[in-house]
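The sequence shown begins at 1 in UniProt numbering and counts up one residue at a time.
No lab work stands behind these hints: they were computed from the structure.
By construction, the Cβ of each residue, glycine as well, lies at the ideal position given by its N, Cα and C atoms.
Each hint should be verified, as a subset may be incorrect.
Computed Cβ-Cβ distance ranges for the label pairs, DEER-style [what the hints assert, rightly or not]:
| no. | residue 1 | residue 2 | range |
| --- | --- | --- | --- |
| 1 | Leu188 | His142 | 22 to 30 Å |
| 2 | Asp95 | Glu181 | 16 to 24 Å |
| 3 | His142 | Asp95 | 15 to 23 Å |
| 4 | Ala21 | Ile121 | 20 to 28 Å |
Keeping only pairs whose Cα atoms sit at most 25 Å apart, straight-line, the calculated DSS-like set for lysine-lysine is [claimed, not checked]:
| no. | residue 1 | residue 2 |
| --- | --- | --- |
| 5 | Lys36 | Lys184 |
| 6 | Lys87 | Lys174 |
| 7 | Lys174 | Lys36 |
| 8 | Lys107 | Lys87 |
| 9 | Lys174 | Lys122 |
| 10 | Lys127 | Lys184 |
| 11 | Lys36 | Lys87 |
| 12 | Lys107 | Lys50 |
| 13 | Lys174 | Lys184 |
| 14 | Lys122 | Lys184 |
| 15 | Lys184 | Lys107 |
| 16 | Lys184 | Lys87 |
| 17 | Lys36 | Lys107 |
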Amino acid sequence: MDRQITSDFLVLDTETTGLDAGVDEALQISIINDQKEVLLNTYIKPKYRKSWPEAMEVNHITPEMVEDAPIYDFGMQDLINEIVEGKNVILYNADFDLSFVDLSYAKGVYCAMKVFSTEVIKEWHDKYNDYRWQRLATAFNHFSDLQSIEDKVLIDNAHDSLSDSFMTLFVWQKLMEMGYERGKNYLLTSNI
Numbered sequence: 001m002d003r004q005i006t007s008d009f010l011v012l013d014t015e016t017t018g019l020d021a022g023v024d025e026a027l028q029i030s031i032i033n034d035q036k037e038v039l040l041n042t043y044i045k046p047k048y049r050k051s052w053p054e055a056m057e058v059n060h061i062t063p064e065m066v067e068d069a070p071i072y073d074f075g076m077q078d079l080i081n082e083i084v085e086g087k088n089v090i091l092y093n094a095d096f097d098l099s100f101v102d103l104s105y106a107k108g109v110y111c112a113m114k115v116f117s118t119e120v121i122k123e124w125h126d127k128y129n130d131y132r133w134q135r136l137a138t139a140f141n142h143f144s145d146l147q148s149i150e151d152k153v154l155i156d157n158a159h160d161s162l163s164d165s166f167m168t169l170f171v172w173q174k175l176m177e178m179g180y181e182r183g184k185n186y187l188l189t190s191n192i
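Please model the complete structure; the sequences and the hints are all you need to start from.
Right, dumping it as structure tokens:
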């Protein structure tokens, strides 16, 4: 069985009103393929949250920017299902993004941060009895000597879901080129 995913996959990223999936909502969703083609890039108008000052300081998405955007409803979910159906999807922080977007139609969902944190950095966190999570910018900059000028521009737009998708794609490709395994499939309970 192939332990790597090197082609025919998608990358998805979200920006949200905050970190609490029970209260916060998606503000932006982007999906690209492994050929850097943009399949979806849209702002999302929250149904309930009217302001998100702390998140806005990070992602710079204002209420005015999403005022005329679609809401995350059945139609949006159907579009996402259609795009991801039967595909492997790479997220940077799978635990986080999966709490805001349903990817159950995907073939598999994999976490680039988990591979980077456990295989490359390997910094143990005693409190959580697991490897310390690493920011996307940390992973992206880890491979800075391998970046093109085009790649380096992405860091200036961090915390935009489209830029973060491209940065995740870059990190994932470098991890796979270095021979690391894809890690756990978040849609399954086992590690196949």
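- Of the hints given before, which are not true for this structure? 12
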